[in-house]
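These protein sequence lines map, in sequence, to chains E and R.
Remember, this note's numbering sits 412 above the position in the first sequence when you count from 1.
Remember, this note's numbering sits 412 above the position in the second sequence when you count from 1.
It is worth saying that the hints were derived from the structure and are not from the lab.
Please note that the accuracy of each hint is not assured.
As the list makes no split between identical chains, a pair holds if one copy fits it or if it spans any two.
Straight-line distance between alpha carbons at most 27 Å, and here's what the computed DSS-like set of lysine-lysine pairs gives [to be verified]:
#	residue 1	residue 2
1	697	633
2	697	886
3	534	438
4	457	778
5	817	913
6	759	886
7	438	819
8	549	581
9	855	460
10	534	633
11	432	886
12	556	426
13	639	426
The model shown is predicted, which means the values in this text are computed figures rather than measured ones.
2 protein chains.
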Amino acid sequence: MAAVCILDEFEVHKNEEFLKIADELKPELHETVVRPQNMNELAAKQFKRDDQIVLDFGNHQVGYVTLDLSSEGSHQDAPAYIYLRFAERIEELAADPAEYDGWISKSWIQEEHIHVDVLPAKLSLPRRYAFRYLEIKVIDVSMKFSVVINDVYVRAVSAVCQDDISPLKVEDPLLQKVDRVAIRTLQNCMQDVFEDGPKRDRRLWLGDFRLQARANYKTFKNFDLVKRCLYLFGGMTFNEGKISACLFTEPQPEPDDTYLFDFALLYGSALLDYYEETKDEDTLKDLYPVAIRQIEIGLDYLTEDNVIPDRSNEFWCFVDWGEGLNKQAASLAILIYAIRYGIRLAKYMGDTEHIEQLSQKEEELKKSAVDHFWDEKRQLFVSGSERQISWATQVWMILARVFPKEKNRELILRTINVNPRIQMVTPYMYHHYIDALIRSDEKERALNEIRRYWGEMVHDGADTFWEVYNPYNKYESPYGSVMMNSFCHAWSCTPTYFLRKFYEDA
Amino acid sequence: MAAVCILDEFEVHKNEEFLKIADELKPELHETVVRPQNMNELAAKQFKRDDQIVLDFGNHQVGYVTLDLSSEGSHQDAPAYIYLRFAERIEELAADPAEYDGWISKSWIQEEHIHVDVLPAKLSLPRRYAFRYLEIKVIDVSMKFSVVINDVYVRAVSAVCQDDISPLKVEDPLLQKVDRVAIRTLQNCMQDVFEDGPKRDRRLWLGDFRLQARANYKTFKNFDLVKRCLYLFGGMTFNEGKISACLFTEPQPEPDDTYLFDFALLYGSALLDYYEETKDEDTLKDLYPVAIRQIEIGLDYLTEDNVIPDRSNEFWCFVDWGEGLNKQAASLAILIYAIRYGIRLAKYMGDTEHIEQLSQKEEELKKSAVDHFWDEKRQLFVSGSERQISWATQVWMILARVFPKEKNRELILRTINVNPRIQMVTPYMYHHYIDALIRSDEKERALNEIRRYWGEMVHDGADTFWEVYNPYNKYESPYGSVMMNSFCHAWSCTPTYFLRKFYEDA
């Protein structure tokens, strides 16, 4: 399914004051120069037609690459024609870009064809790449000369610096490694804004941002970048005041014409997290109305029966990737979850009217959730007209606290036991699953699941955590090819949040 | 056959004084902005994945292209990935660059793959292209936006301006057209130096230069550019004082390690032409020793029998492209031809010693040419141990004036009549054939041959004249694919020289 949203009527309301605050918080990026591990092999090589090398930069990098090229042999008598391909995982290089025919843009494949008319040349590539591996292939030189690559380096960039983070205080080397990889993931996604993935889409997505901000509070503590993103979202609503699911910052800040029901509702949760970390009253006051408005808009979607209509065949409520997931029940659960955060925000604001109104709605909707979606016989929540049982539905109903804690605990254990056919696919959904385990006092099990899921990615060679990881189908991609998946993806960075909460806050 | 020369021992002698004179004569290029004829069709189009257009710039252009791009639809949410291909002839676009597997560099194919991360964008391509047609294909955008091309133009460049040339005073519209196309060819090859072809090799080749200079004297009369090139060749000799067959000007002037016996010998002819046009005594005095040295080096190759050894299996004496041409007899003829020009130079210099010495040598070698290569029975010259009969051999023996004029005339008519299997392939060789006809008082026939050869290129759609044109095999290429041939090639511009000599000097 091509998951895009295009709104025919799209009227953006910019709050210039908010955007000015966001602009002033634009970070200056840290730069680190990194060279490939196999520089010696490179410098000794003379490249003729079809000669190639794969350089290994040792870890995942995001940045700007420079090549220092010269020629050997006779004077250069033709352009040097060079192909570059950047890959986050070495496996990507096995796929042929020309064969990609999926629904997202081929333009995301990080490849370049470059003619160098005059050697020697210092070739500073203007685009930013996300990669650990760089394949360089000389498509052609001439019979009279060869290309020599004297130097290659990347100016790796990030809004933050990993040196500042102390190692996780835990004995388990796998968890230590998971923490390190998570932090690298977060670091490489922290650029001008919190990007979802530095390879693709390189954009500020609200759902990802909320999780990144949580991981950031436990690690880099870059509060300004969170504040900047909160103001960007709050400063560019559309139509009846909706927050976009994602934002662009180039050539100037603009919202995407994409509404995702769950993402918009989770804005309040992100705002609350920020306020509780910083006690920044001004920001809370500025952005509280935007957060409350998302809940009001969410409530407007309710039917007379107090449920959200099923729009699982549209790109309207994200929840998770994965073919065939019915999202109706989860939509309602996320609305309930958002209301709870709304009440907490209202309490900080002393907004008694909303406290009362939202509290009443919370109870009504919890009851509706049970009435409509609880299958008494199977002791699980169902979703949609075909009464689908999925992991996602159970997890979100637990996070919505539709049941009391003990019953939630039984539910999550039953879900594990039943292992519904409709699996979780993204680390984004796994995050909420871990969260649900913890909120059900299943901390050891949560740790084990982190070991099993993110630890398995580490075993599979992850330097940074991936956008999509289905342990039951490691070649899963929502885009028609794993080559298009992002392998440094923000929503996957949260183990560091959980681990540091367990081992350091305790 | 891969026609390259790589010299193991290559010691360049730079004459800094000469190079300084050359540098000071570097031209400032004229710029003309040209837009495609089908701009309206272009501006109305919205490009999605795989959409393409071929733009027609109306005539052959050499220059720098700018595209003004924007997007339609939702905000750009992926890079735009654009493929550009420049073609001198529309037919080039039918060939697939990926399939080229010949001996010269694929890098000459004028194609670019460009990612545009942020739209709108003014994309000023840094490389220079030679083309009439520009194919633009959008490899991909995304489902949410399309690319719009608001404007495309080329800043066409040349050292000269065609406006200054009055039309040829002749009734025949075909000859008028041949003259115009020849002048366009010359103009587009006149850049920082006289290039052989602005698409490929973009270099100063001595053999091409001599013919360009002749055409230039009848048209643009840019004497400084000729002088610049004479000093560049004269200022960068190698080993025992040889002149390189071609020169590079980037990153700084350097000779190629290529010696072509005939090209080096023809330097004196180019110098004499220049002096007779300009009466520039200083240049003559500076460069006369270089020209004489080429003849001395040529003479050193003579065997005891007073012939040049057969090196037709090497890239050592150009004469013509074309499989299987034996060049031994032509080599001797070109040496004799060069000696005649040397004597004329020596006369201008008052160098009696060389006049005497070279005149004696000229007679010896004419006798040797007849003794070794004249086939009395067939009444044609033969070449090599297999006694090959070719057009090229007869033409050069005529130009060397081995026989008196009337016998030369009989020889050229006999050659036409016999039509040897080893044809002429390049306009470079055809130039010398036309020259041979004229020097045999066959002016009408020369005109008809210009109509037949260059006129046929016009009929075949030439906007500028081609590097290779064999009327008997229109797909002939020395490079393994016509796609690699240059279709604006300096050595092909000489009809304007002949025509303006006939119709205007008379």
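- Item | Intra/inter-copy verdict for residue 534 and residue 438 if alpha-carbon distance must be at most 27 Å | Classified as between: cross-chain Cα gap 25 Å, same-chain 30 Å, threshold 27 Å.
- Query: Checking residue 639 and residue 426: alpha-carbon separation at most 27 Å within a copy, between copies, both or neither?
  - Reply: Intra 17 Å, inter 64 Å, cutoff 27 Å: intra-copy only.
- Message: Regarding residue 556 and residue 426, is the shortest C-alpha distance of 27 Å or less found within a copy, between copies, in both, or in neither?
- Response: Between. Shortest inter-copy distance 22 Å satisfies the 27 Å Cα cut-off; intra-copy 59 Å does not.
- Item | Alpha-carbon proximity between residue 759 and residue 886, which holds within one copy, between copies, both or neither at 27 Å | The answer is neither: 44 Å in one copy and 85 Å across copies each exceed 27 Å.
- Message: My question is about residue 432 and residue 886: at a cut-off of 27 Å on alpha-carbon distance, are they close within one copy, between copies, both, or neither?
- Response: Classified as neither: same-chain Cα gap 44 Å, cross-chain 66 Å, threshold 27 Å.
- Task: Please work out whether the CA atoms of residue 855 and residue 460 approach to 27 Å or closer within one copy, between two copies, in both situations, or in neither?
- Result: neither (58 Å within a copy, 50 Å between copies)
- Message: Within a copy, between copies, both or neither: which one fits residue 697 and residue 886 at a CA-CA cutoff of 27 Å?
- Response: neither (45 Å within a copy, 78 Å between copies)
- Message: My question is about residue 549 and residue 581: at a cut-off of 27 Å on alpha-carbon distance, are they close within one copy, between copies, both, or neither?
- Response: neither (44 Å within a copy, 55 Å between copies)
- Item | Alpha-carbon proximity context of residue 697 and residue 633, limit 27 Å | Classified as within: same-chain Cα gap 22 Å, cross-chain 78 Å, threshold 27 Å.
- Message: Within a copy, between copies, both or neither: which one fits residue 534 and residue 633 at a CA-CA cutoff of 27 Å?
- Response: neither (37 Å within a copy, 39 Å between copies)
- Message: Regarding residue 817 and residue 913, is the shortest C-alpha distance of 27 Å or less found within a copy, between copies, in both, or in neither?
- Response: within (20 Å within a copy, 103 Å between copies)
- Copy assignment of residue 438 with residue 819, given that the CA separation must stay at most 27 Å: Result: close neither inside a copy nor across copies, 45 Å intra and 87 Å inter.
The structure is inconsistent with the numbered hints 2, 4, 6, 7, 8, 9, 10 and 11, although it conforms to all the rest.
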